[in-house]
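Whole structure, please, built from the sequences with the hints as guidance.
Number of protein chains: 2
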Amino acid sequence: MTNLNTLFNAESVAIVGASNNIGKKGYEILQNLIQGKYEGNIYPVNPKDDEIQGLTAYKSLTSIGAKIDLIVIVVPSKFVSAVLEEAGELSVHNAVIITGGFKEIGCDELDASMLNIAEKYKINIVGPNCQGVNYTPNNMCVSWPLVRGKGPMAIIAQSGTVAAQFGIIADKDSIGVSGLVSLGNKSGLTEIDFLNFFGSDPNTRAIALNLEGIKEGHQFLKLVKEILKKKPVVILKPGRTIKGMIAAQSHTKSIAGSDKIFDAACRQIGLIRANSIDELYDFTKILGFLTKPAGNRVQIITSSGGSGILATDIFEENDVDMVEMHPRLKEILSKKLPSHCVLSNPLDLTGDTDAARYEVCIEEAIKFDNADMFLLIFGDPIPGAYEVVNRLSKKTDKPIIVCYLGGGEIEEEEIYKMHVAGIPTFPTPTRAAKALAILCK
Amino acid sequence: MTNLNTLFNAESVAIVGASNNIGKKGYEILQNLIQGKYEGNIYPVNPKDDEIQGLTAYKSLTSIGAKIDLIVIVVPSKFVSAVLEEAGELSVHNAVIITGGFKEIGCDELDASMLNIAEKYKINIVGPNCQGVNYTPNNMCVSWPLVRGKGPMAIIAQSGTVAAQFGIIADKDSIGVSGLVSLGNKSGLTEIDFLNFFGSDPNTRAIALNLEGIKEGHQFLKLVKEILKKKPVVILKPGRTIKGMIAAQSHTKSIAGSDKIFDAACRQIGLIRANSIDELYDFTKILGFLTKPAGNRVQIITSSGGSGILATDIFEENDVDMVEMHPRLKEILSKKLPSHCVLSNPLDLTGDTDAARYEVCIEEAIKFDNADMFLLIFGDPIPGAYEVVNRLSKKTDKPIIVCYLGGGEIEEEEIYKMHVAGIPTFPTPTRAAKALAILCK
Numbered sequence: 491m492t493n494l495n496t497l498f499n500a501e502s503v504a505i506v507g508a509s510n511n512i513g514k515k516g517y518e519i520l521q522n523l524i525q526g527k528y529e530g531n532i533y534p535v536n537p538k539d540d541e542i543q544g545l546t547a548y549k550s551l552t553s554i555g556a557k558i559d560l561i562v563i564v565v566p567s568k569f570v571s572a573v574l575e576e577a578g579e580l581s582v583h584n585a586v587i588i589t590g591g592f593k594e595i596g597c598d599e600l601d602a603s604m605l606n607i608a609e610k611y612k613i614n615i616v617g618p619n620c621q622g623v624n625y626t627p628n629n630m631c632v633s634w635p636l637v638r639g640k641g642p643m644a645i646i647a648q649s650g651t652v653a654a655q656f657g658i659i660a661d662k663d664s665i666g667v668s669g670l671v672s673l674g675n676k677s678g679l680t681e682i683d684f685l686n687f688f689g690s691d692p693n694t695r696a697i698a699l700n701l702e703g704i705k706e707g708h709q710f711l712k713l714v715k716e717i718l719k720k721k722p723v724v725i726l727k728p729g730r731t732i733k734g735m736i737a738a739q740s741h742t743k744s745i746a747g748s749d750k751i752f753d754a755a756c757r758q759i760g761l762i763r764a765n766s767i768d769e770l771y772d773f774t775k776i777l778g779f780l781t782k783p784a785g786n787r788v789q790i791i792t793s794s795g796g797s798g799i800l801a802t803d804i805f806e807e808n809d810v811d812m813v814e815m816h817p818r819l820k821e822i823l824s825k826k827l828p829s830h831c832v833l834s835n836p837l838d839l840t841g842d843t844d845a846a847r848y849e850v851c852i853e854e855a856i857k858f859d860n861a862d863m864f865l866l867i868f869g870d871p872i873p874g875a876y877e878v879v880n881r882l883s884k885k886t887d888k889p890i891i892v893c894y895l896g897g898g899e900i901e902e903e904e905i906y907k908m909h910v911a912g913i914p915t916f917p918t919p920t921r922a923a924k925a926l927a928i929l930c931k
Numbered sequence: 491m492t493n494l495n496t497l498f499n500a501e502s503v504a505i506v507g508a509s510n511n512i513g514k515k516g517y518e519i520l521q522n523l524i525q526g527k528y529e530g531n532i533y534p535v536n537p538k539d540d541e542i543q544g545l546t547a548y549k550s551l552t553s554i555g556a557k558i559d560l561i562v563i564v565v566p567s568k569f570v571s572a573v574l575e576e577a578g579e580l581s582v583h584n585a586v587i588i589t590g591g592f593k594e595i596g597c598d599e600l601d602a603s604m605l606n607i608a609e610k611y612k613i614n615i616v617g618p619n620c621q622g623v624n625y626t627p628n629n630m631c632v633s634w635p636l637v638r639g640k641g642p643m644a645i646i647a648q649s650g651t652v653a654a655q656f657g658i659i660a661d662k663d664s665i666g667v668s669g670l671v672s673l674g675n676k677s678g679l680t681e682i683d684f685l686n687f688f689g690s691d692p693n694t695r696a697i698a699l700n701l702e703g704i705k706e707g708h709q710f711l712k713l714v715k716e717i718l719k720k721k722p723v724v725i726l727k728p729g730r731t732i733k734g735m736i737a738a739q740s741h742t743k744s745i746a747g748s749d750k751i752f753d754a755a756c757r758q759i760g761l762i763r764a765n766s767i768d769e770l771y772d773f774t775k776i777l778g779f780l781t782k783p784a785g786n787r788v789q790i791i792t793s794s795g796g797s798g799i800l801a802t803d804i805f806e807e808n809d810v811d812m813v814e815m816h817p818r819l820k821e822i823l824s825k826k827l828p829s830h831c832v833l834s835n836p837l838d839l840t841g842d843t844d845a846a847r848y849e850v851c852i853e854e855a856i857k858f859d860n861a862d863m864f865l866l867i868f869g870d871p872i873p874g875a876y877e878v879v880n881r882l883s884k885k886t887d888k889p890i891i892v893c894y895l896g897g898g899e900i901e902e903e904e905i906y907k908m909h910v911a912g913i914p915t916f917p918t919p920t921r922a923a924k925a926l927a928i929l930c931k
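Protein chains in written order, with our numbering: chain X, 491 to 931; chain W, 491 to 931.
These aren't lab readings, by the way, just hints derived from the structure by calculation.
Treat each hint with caution, since some may be false.
Where chains are identical, the list cannot tell them apart; a pair therefore holds if satisfied intra-copy or between any two copies.
[Said to hold, decoys possible] Pairs of lysine to aspartate or glutamate residues, derived as EDC-like cross-links and limited to a Cα-Cα distance of at most 20 angstroms, are as follows: (1) K715 - D749; (2) K733 - D862; (3) K733 - E814; (4) K538 - E706; (5) K514 - D844; (6) K593 - D842; (7) K662 - E903; (8) K662 - E902.
Put into structure tokens, the structure is as follows:
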């Protein structure tokens, strides 16, 4: 098994092709490493400059004269082999090759030459033709855009854009990521290697995958099955349709295989499939935050009747049980809530509600073994909601998730606090309900 | 037909129950009216204060001593009839009743009394138990939250939260709305009245509906059919499932009716159904921006191969034709693009692309009658993309839409400019492709 520890926890990074010119990848990656507050040594390499972005620049890897854990290559493809050869001589064991122009455009001989050198010197290759790697525990973003938020989810993606978008969503959602990997051509390291790393990584609680073709299907499924015993994995694998499959094959130059067979295999090992970037994010998030409830009975508590109905449809369509409220619970709540609240499922506290009404409902409901999980919907910003939910979620094993609608600055702050407290929030009733349905699977 | 002109274009608004206390609805609505830069006369009414939020306050409607086009009522339900009676005596013809506590909690006599007075004095009633009205051409937000962006879409919603969320999304998306209406109990004005207004409103190019129950089904369908000749209408009607329908009936105290029958009726008149708030927004947006293409053949042009595949699956699943590129077009582009670009559908310009590559592709492709519409995907911020797309979209009748991923400040500015130029943008390939599929219907 390839050990990727010196890659992700590299104590020094050289960027071959670092640049002072905005717009160049060699500019952006160096900038992200600096602005991301990477604490290791950074060595910009470029024969044309003495100083790059305020750092001493080196003419070559050799001229650095210090140990290098990782090199990032952005120079044109024809120079890559020479850089690798030099790196190998210096005992560098990890290379992220951003540069494209290898087998993806039919230049198989460049690929072969590069792989020969990598094998000779035992260099781990990420890419080529990739968008790099970001590992937040090491503040090491040799990728773009800069994603700094540290969170429980890692993504391993065929598409650099999907990885980037995942990171952006996670950052905006006040969660962040543990790691982002753009696989590129997978000439060296593949999803297998990264799954092994993140599967054992204590900073990663859930893994999102975006794959278009899978090289070693049997090995992949066996590994995922093992990892699923420890942490959840979700996969976005396009190519469900014939033309989608053809496009995937063309993109990755690999056989995508029948989607039906892949789908059956996923079901067998319990690998959750997402059908969009949003689903990949939502499903990984809820599985990273919460564990499977004891059953599939849900109680909705809402201040917005209409939003409760939207969630109800999704639960019903996804085999989540919109259980009837316990008669005794109804009786108790009827004495504690204003008479215009609707004591049913959804439990509608109506638009004039405050945090105290949610508090009494949750407090009483968790005493009964009538629902296995709760969806709380806040149709307006409700001051004090976080304190209530945070306190009560610690008193129960039943999953509690939150949907915030109606907007406002209060909510953004509350969302942040909820996430820190381990309570996942979602932006619409539909997305919240779909995610909760996945948690029950 | 009820004329709602003096409601939406009111030249003076009195807020009965206006308040200096943050947290009160009477505070928030007055504040939104002021901060929204409403240019008419604002009369806060509250017997306890002389001044409210810097404005002269009045003890009663009568003491205002000037013409009032619209009153907004936030005082408790038991006082509403008296306020309406006073308003009627003063020839006020429009009342937005935010206050709840009427038939939705079984207080039918309060409802009857209120309606009697409204009928006697010919007062249009919005609500009661609603979240108000916002009409941006008049800078008049007697609702919450404050949505100021002026855009082509109106929403008429049973759920105040859905209306609010729609407005927030539209504002964040740099589009805005023409009007937002929260229907509440629909004791007076119903969806029929508002459909009539927005159907003829020159500021509204597309109408979004969120209804849980429809009172006069036949009249509703007939009216929508008429409006559809002039502008698109999209509906989010939850209650697809049995429990969803029961929840809807409980929420609106009306018979929701069979979803299958409603669905068939929608198909018959061409009323598009959305299944989530995001879909309601996306579908209304694309229909408000663009007209139906001549056929259903789409060409994807992307810088992100993976994103192109995600969109391909959605097109294939929604009967949109991922047409093969014209051989002659391939030939032309093969001479103008770098050799590593993939000349197919999706047309993959790869990650190192610039705006010029998009330009040549669109420029050449619109000369052929091979595709009826284009989905452009930008996997990274691409400087100059807006100028290219804006110029070329004016040279063709074929719809062009844009998907921005990968994030960054450049994009937010570009999205704004695209929308101003009438080019709809979407945040994921999946949402973009679903919306384009709707445009073909």
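Evaluated hints:
Taking the shortest Cα distances, K715 and D749 sit within 20 angstroms of each other inside one copy (19 angstroms), while across copies they are farther apart (41 angstroms). Taking the shortest alpha-carbon separations for K733 and D862, only the inter-copy value of 18 angstroms comes in at or below 20 angstroms, while the best intra-copy value is 41 angstroms. When the C-alpha separation of K733 and E814 is checked against a cutoff of 20 angstroms, the pair qualifies only between copies, where the shortest distance is 10 angstroms, while the shortest distance within a copy is 45 angstroms. Taking CA atoms no more than 20 angstroms apart as the test, K538 paired with E706 passes in neither setting, with 43 angstroms inside one copy and 76 angstroms between copies.
Taking the closest pair of Cα atoms, K514 and D844 come within 20 angstroms of each other only across two copies (12 angstroms); inside a single copy the shortest separation is 52 angstroms, beyond that limit. For a Cα distance limit of 20 angstroms, the shortest separation of K593 from D842 across copies, 16 angstroms, qualifies, whereas the shortest one inside one copy, 62 angstroms, does not. Taking the shortest alpha-carbon separations for K662 and E903, both the intra-copy value of 12 angstroms and the inter-copy value of 17 angstroms come in at or below 20 angstroms. Within a single copy, K662 and E902 get their C-alpha atoms as close as 10 angstroms, and across copies as close as 14 angstroms, so both meet the 20 angstroms cut-off.
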